[in-house]
Amino acid sequence: MTKFKIATWLGALVFSVMAWSQTLAIASQEKLVISGSSTMAPLVAEIGKRFENLHPGTRVDVQTGGSSRGIADTVNGLADIGMVSRALKPHEHALHGATIAHDGITMILHKDNPVDELSNEHIKAIYSGVITNWKTVGGLDAPITVINKAEGRSTLELFLQYFQLSNRIIRAHVIIGDNEQGIKTIAGNPHAIGYVSVGTAQYDATHEVPIKLLALHHIPATLKTVQAGTFPLSRPLTLVSKNPFTGLAQTFIDFSQSPAVHDLILKQYFVPIP
Amino acid sequence: MISFSNNISSQFLNDRVLLWSLRFFALIAGSLLFLIVIFLIHEAWPALHQLGITSFFTDNAWYPTESLYLLTPMLWGTFLATIGAVILAAPIGILSAVFIHYYAPSLLAITYRRLIELLAGIPSVVFGLWGLVVLVPLIASWQPPGPSLLAGMLILFLMILPTITLVIHSSLAQIPIAYIHNATALGLGRWSMIRKVILPAAKSGIFTGIFLGVARALGETMAILMVCGNVVQAPSHLFDPIRTLTANIALEMAYALGNHRSTLFVSGLMLMAMVVIFVLIAEQLRYRETYADAN
Numbered sequence: 001m002t003k004f005k006i007a008t009w010l011g012a013l014v015f016s017v018m019a020w021s022q023t024l025a026i027a028s029q030e031k032l033v034i035s036g037s038s039t040m041a042p043l044v045a046e047i048g049k050r051f052e053n054l055h056p057g058t059r060v061d062v063q064t065g066g067s068s069r070g071i072a073d074t075v076n077g078l079a080d081i082g083m084v085s086r087a088l089k090p091h092e093h094a095l096h097g098a099t100i101a102h103d104g105i106t107m108i109l110h111k112d113n114p115v116d117e118l119s120n121e122h123i124k125a126i127y128s129g130v131i132t133n134w135k136t137v138g139g140l141d142a143p144i145t146v147i148n149k150a151e152g153r154s155t156l157e158l159f160l161q162y163f164q165l166s167n168r169i170i171r172a173h174v175i176i177g178d179n180e181q182g183i184k185t186i187a188g189n190p191h192a193i194g195y196v197s198v199g200t201a202q203y204d205a206t207h208e209v210p211i212k213l214l215a216l217h218h219i220p221a222t223l224k225t226v227q228a229g230t231f232p233l234s235r236p237l238t239l240v241s242k243n244p245f246t247g248l249a250q251t252f253i254d255f256s257q258s259p260a261v262h263d264l265i266l267k268q269y270f271v272p273i274p
Numbered sequence: 001m002i003s004f005s006n007n008i009s010s011q012f013l014n015d016r017v018l019l020w021s022l023r024f025f026a027l028i029a030g031s032l033l034f035l036i037v038i039f040l041i042h043e044a045w046p047a048l049h050q051l052g053i054t055s056f057f058t059d060n061a062w063y064p065t066e067s068l069y070l071l072t073p074m075l076w077g078t079f080l081a082t083i084g085a086v087i088l089a090a091p092i093g094i095l096s097a098v099f100i101h102y103y104a105p106s107l108l109a110i111t112y113r114r115l116i117e118l119l120a121g122i123p124s125v126v127f128g129l130w131g132l133v134v135l136v137p138l139i140a141s142w143q144p145p146g147p148s149l150l151a152g153m154l155i156l157f158l159m160i161l162p163t164i165t166l167v168i169h170s171s172l173a174q175i176p177i178a179y180i181h182n183a184t185a186l187g188l189g190r191w192s193m194i195r196k197v198i199l200p201a202a203k204s205g206i207f208t209g210i211f212l213g214v215a216r217a218l219g220e221t222m223a224i225l226m227v228c229g230n231v232v233q234a235p236s237h238l239f240d241p242i243r244t245l246t247a248n249i250a251l252e253m254a255y256a257l258g259n260h261r262s263t264l265f266v267s268g269l270m271l272m273a274m275v276v277i278f279v280l281i282a283e284q285l286r287y288r289e290t291y292a293d294a295n
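Keeping their order, the protein sequence lines are chains U and L.
The letter at position 101 of the first sequence is residue 101 when you use the working numbering, and the numbering goes up by one with no holes.
The letter at position 165 of the second sequence is residue 165 when you use the working numbering, and the numbering goes up by one with no holes.
Isolated chain L (complex conformation):
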């Protein structure tokens, strides 16, 4: 009897230890973000304080050695490259996942999936190098100078495609088999079933896949730095070179001093703000799309 109650209390103890260690680790994970934001604000403060936040939008140009710190062209660069990549990658990602799941013979499906997983594992600098020695010269021979918004979009597209495909694939795998049975019982063809039943049911997963893709595209640095040309300007067409916020930090941080350095942390803050705004919009969209029918 005694040993029995002992056993229970020790189980309680174990539970409590587990609970507190879980809380502790969750706290660490959660506070990381806050620490990063605090660090960014701390490093960006001299520029924010001395130059004022408006100068990053109203200065004439980006010439940090002449104390001109316009960041808007780089905001545009980041935004356009990301949007372009997602517009290309989202439909292809959705269709690839549907293909793997509902159309491909099993051997082909497995091979194709492995290939996509492999693509997801390729380091970004390899994509960048390939872009620099193959993709950029190709574009240059067609529409010089070559390094351009288009090159950035295509490289980002290649990088986020596997992420999007794999996430959507696993969300398709979670759709209850009963949906498929019912759809078949109703006499729906394969494509009608996918369009009317499967895709609406997998909506939340599709959104998650696209979010992850966008987040990766926003933060990508090395590959973008190598193929985009890094000229600070708001692009007027696809073949204009651009500089993204991340490339700006990577290119100039090693050599920056004083306000210049501090402004690079401001670009980091802006990137963070872009991600936050994007996540808020996306969550709102997802909530509305997913639960619209319930209301």
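Pulled out of the complex, with its shape left as it was, chain U reads as follows:
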């Protein structure tokens, strides 16, 4: 019994010493806290891993919470760098930003839907509940299922801004959180319309998910047109900071904009800056 107790105490002691030294080791590292857009987080986390390998003794901590959270955290000093997946708003222009890639948003339909292109006016009318049947825009005689994004998402913001809609007049049947939920909903409903990232949509469309990407202004939604900057509904992915980048943050920004991470950007279906 006593032997067992002593062993337990010894174990606990050894363990706490180990935990303590671990904490010390972490404290001696240089740490970069990055927070913001959930669209960018997976990409920046990958870049961060590669950055850590190249710069031993550094740690890149990536947290998500949306573009607005990223800006708030940078302004409040909770994060060193914010991730923003939309153009900066006027009152946010005081921030220092560096674009690392582009992302496009595409309208998607079910593969079996005979409609191949919709004008901006049609899309506006569908989303505001003026057109409620595919027949009106040259499709089958079936009610349209409108899929919208939940409030606060930057995809929604960009969509509303581009089509000059307000969320209040949108008559949605389904409200989704992430891109995959939207794609699955459309894959299961031939009469649905929604919008997601071009990268995600193109990946799924080429991997036997029954969806198709709609062209806008006759420009097809592909990674190429987003890269060329010709696809109208696209957004920059930007890293921001309150003060001009210095030291480790500057090194990280330079690394993120260099061709050394282009493979990571393409792997996430985003488009690198030229």
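Since the hints were made in silico from the structure, they are not lab data.
Small disclaimer: the values here were computed from a predicted structure and weren't measured.
Hints are not guaranteed to be accurate.
If the Cβ cut is set under 8 Å, some of the chain L residues that face chain U in the computed set are [claimed, not checked]:
| hint | residue |
| --- | --- |
| 1 | Pro147 |
| 2 | Gln233 |
| 3 | Ala234 |
| 4 | Pro241 |
| 5 | Ala254 |
Computed footprint of chain U on chain L; a stretch qualifies when at least three of its residues, placed anywhere within it, have a C-beta under 8 Å from a C-beta of chain U [to be verified]:
| hint | segment |
| --- | --- |
| 6 | 57-69 |
| 7 | 135-144 |
| 8 | 223-230 |
| 9 | 243-252 |
| 10 | 256-264 |
Where is the CB? At the ideal position from N, CA and C, for every residue including glycine.
Take the given structure of chain U and dock chain L to it, following the hints.
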């Protein structure tokens, strides 16, 4: 002699150690609830203070980015989906438990029970995914758009059925064998015995099973989020999409700031209040039903 008394006092000591450690752990378990409520109120306070509690019931709609925070449609969503699921699951749960216990041959009973236990162990996100890729398209082909109150009810029904069945099953197993002997001696048939003797005797257990089912249905988030459509509106029929309080928190918390975020904690408080009200009503019912004959 001395060693004997020593032994006793050490037993007393052990007892006391046990007693105090039990008290300590009970205190932790009990205070958890209070800590959660205090946390919720603390986080919800800015909204409660600045917007006032009435604005959650009198605002025009739920547009948090335009500072409109109406919560009633989501209260309705949560309430209707839960009630619908329980109305479906309670009778089937009771009948399944009776079947396992009194009708099924033992091999079938064991297999059936194992299956139900397995069903209870399936994570909710799996139910949600199944609902999204199978159930919702099915409803959509019949009554578009598909994601709806009905889909939510059916998914919740599947999720709470095993809970209800298993709890009722174990309460049936505790019925004294003498009841069954007496009923048989009186010449009652199997169904009359179940209806007149077994079910009244198991009433308390049946209530407990249904309570647990309702509690799980009220709190379910992931599966409901995937199949209900999440449109903020009071549904006018079964095929209308709804948003529940839990789905509202899960959908918007990651992106919410300021009063919006605080209001999401208010929806958490409301959910808590719903559970408390429900438990109070249920306890009252159970007390009355169980002890009515004694008075």
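Q: Identify every previously stated hint that the structure contradicts and give their numbers, smallest first.
A: Per hint list: 2 and 3 violated.
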